[in-house]
Amino acid sequence: MKNRTSNLMRGMAVAITCLTVLLSTGAKAQTNTDAPWRLGIGAEAAIVTGKYHPGGGFMYGGTLRLQHNITKGLDWTLTSGYYSFSPGYLGNSPVYNDRMGLIPVKIGLKYYVAGNWYVMGEGGAGFELSGYQKSRKLILSPGIGWSSKSWDIGARFESFSGGNSFNYGVAGLRVAYGFGL
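Residues -29 to -1, 1 to 152 in mature numbering (1 follows the signal peptide of the UniProt record, and there is no 0) are what the sequence shown lists, from first letter to last.
Rather than coming from a laboratory, the hints here were simulated on the basis of the structure. The reader is advised that the hints may include incorrect statements.
Between beta-carbon pairs, the in silico distance windows are [to be verified]: (1) 12 with 126: 10 to 20 Å; (2) 37 with 109: 17 to 27 Å; (3) 43 with 100: 19 to 29 Å; (4) 126 with 45: 29 to 39 Å.
A virtual CB, placed ideally from N, CA and C, is assigned to each residue, including glycine.
Whole structure, please, built from the sequences with the hints as guidance.
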C-alpha cells in the first residue's frame, strides 16, 4: 500500500513538472469547439489512495460538467455528480466501512496547452452521504486530458481533506460525452 501511494505521488510530481514546462513554453492554445457553453456527461473510475481510505480501494461514479469559454484556450468549469466508494475495511484498521457515497461540487479552470490537450485544476466541496462518518470535505484536483467536439478523456488526482473523517485521495479517469448548448 505504501509503495503504491509513493509511486503514485512520484508520478504526479513528474506530471506536474511536465505540465509546468509545457505551460512555460508559450504554446499557442486553441479551443476544441466553437460553442461557448458546453455540457459533458462523464463516467468516472478511480483507485483510492491514502493510509486510511473509505472502503475497498475503488471508486466509480458519474458527473456532469458545464464549461464556458472565457478566452481562446481557457474555459471555466462547474462539475458535480455522484461518487460511490466500494465497501471494505477503513484503511488498515479493523473498522469495516459499508459502501460510501459522496457528492462533489467543484469549480475550476481548463487551459488548452496544445491543440486538444489540456491541463486543469478544480476545487470545491465533497459531501459524504453514508459510510463510517458523514462529513464535508475540501476537494482539490489537478488533471490533464484530451478533448474533441464530442469526447473528453481526462486523468486526475483528487484530494479529499478536512471534516470529521480521514483524509484520502483518488487517482482516476473520466470519459465523457460532450455537446454544445
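Just to be sure I understand the hint, the distance between the Cβ atoms of residue 43 and residue 100 should be within 19 to 29 Å; is that true here? 39 Å, violated
Is it true that residue 12 and residue 126 lie within 10 to 20 Å of each other by Cβ? Since residue 12 and residue 126 have Cβ atoms about 18 Å apart, the given range 10 to 20 Å holds.
At the C-beta level, are residue 126 and residue 45 separated by a distance inside 29 to 39 Å? The hinted range 29 to 39 Å is violated for residue 126 and residue 45, with Cβ atoms some 20 Å apart.
For the hint 17 to 27 Å, verify it against the beta carbon of residue 37 and that of residue 109. Holds, since residue 37 and residue 109 (Cβ atoms, about 21 Å apart) stay within the stated range.
In summary, the structure is inconsistent with hints 3, 4 from the numbered list given earlier, while agreeing with the others.
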